[in-house]
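So for the sequence shown, the working numbering puts the first residue at 1; every next one is plus one.
Be a bit skeptical, because a hint or two may be false.
Calculated lysine-lysine pairs in the DSS-like style (CA-CA distance at most 25 Å, straight line) [stated by the list, open to error]:
| hint | residue 1 | residue 2 |
| --- | --- | --- |
| 1 | Lys58 | Lys68 |
| 2 | Lys74 | Lys97 |
| 3 | Lys33 | Lys58 |
| 4 | Lys58 | Lys74 |
| 5 | Lys33 | Lys68 |
| 6 | Lys37 | Lys68 |
It should be emphasised that the hints constitute simulated quantities derived from the structure, not laboratory data.
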Amino acid sequence: KKQKNITLSSTESEMNALSNGEQENQWLTFLIKELWKLKLEPTLNFGSNLKTKHLDIKIENLRGKFSKNEVYVKLIPSGDMISYSLNKAAPHSSFRKLQDRCLSVISSSKMGGC
1 KKQKNITLSS TESEMNALSN GEQENQWLTF LIKELWKLKL EPTLNFGSNL
51 KTKHLDIKIE NLRGKFSKNE VYVKLIPSGD MISYSLNKAA PHSSFRKLQD
101 RCLSVISSSK MGGC
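Kindly produce the complete structure, drawing on both the sequences and the hints.
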């Protein structure tokens, strides 16, 4: 989803995306609790928040969610991200890794897996 604001760094963009995702997650959590009366586990979020420069209300909100264990952010190395092979001038080996991952998903779905 395209962000509706201008950011000064990629770190700020990542924090905005994380905050927006957390807001969507909170809305869905409220909806599920209301409809099915379920208690949900904390949400896993596979992002990174290194080099935080711009502190604002969004970041304070996220810190509160982290301290209450309502949100969990897991760092995934760039080389393990599918988009890494698609949006950068990546070496041939990373493209090959992407190809292998895609083919393994296709073959496992044909065999009744994922």
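Verification of the hints:
Taken as a hint, the Lys58 and Lys68 pair is honoured in the structure, with Cα atoms around 16 Å apart against an allowance of 25 Å. The hinted pair formed by Lys74 and Lys97 meets the criterion: a straight-line CA distance of about 21 Å does not exceed 25 Å. A threshold of 25 Å between alpha carbons decides the hint, and for Lys33 with Lys58 the separation of about 24 Å falls inside it, so the pair holds. As the CA atoms of Lys58 and Lys74 are separated by approximately 19 Å, the hinted pair is consistent with the 25 Å bound.
With a CA separation close to 18 Å, the supplied pair Lys33 and Lys68 stays within the 25 Å bound. Distance check on the hinted pair: Lys37 and Lys68 sit about 21 Å apart at the alpha-carbon level, within 25 Å; holds.
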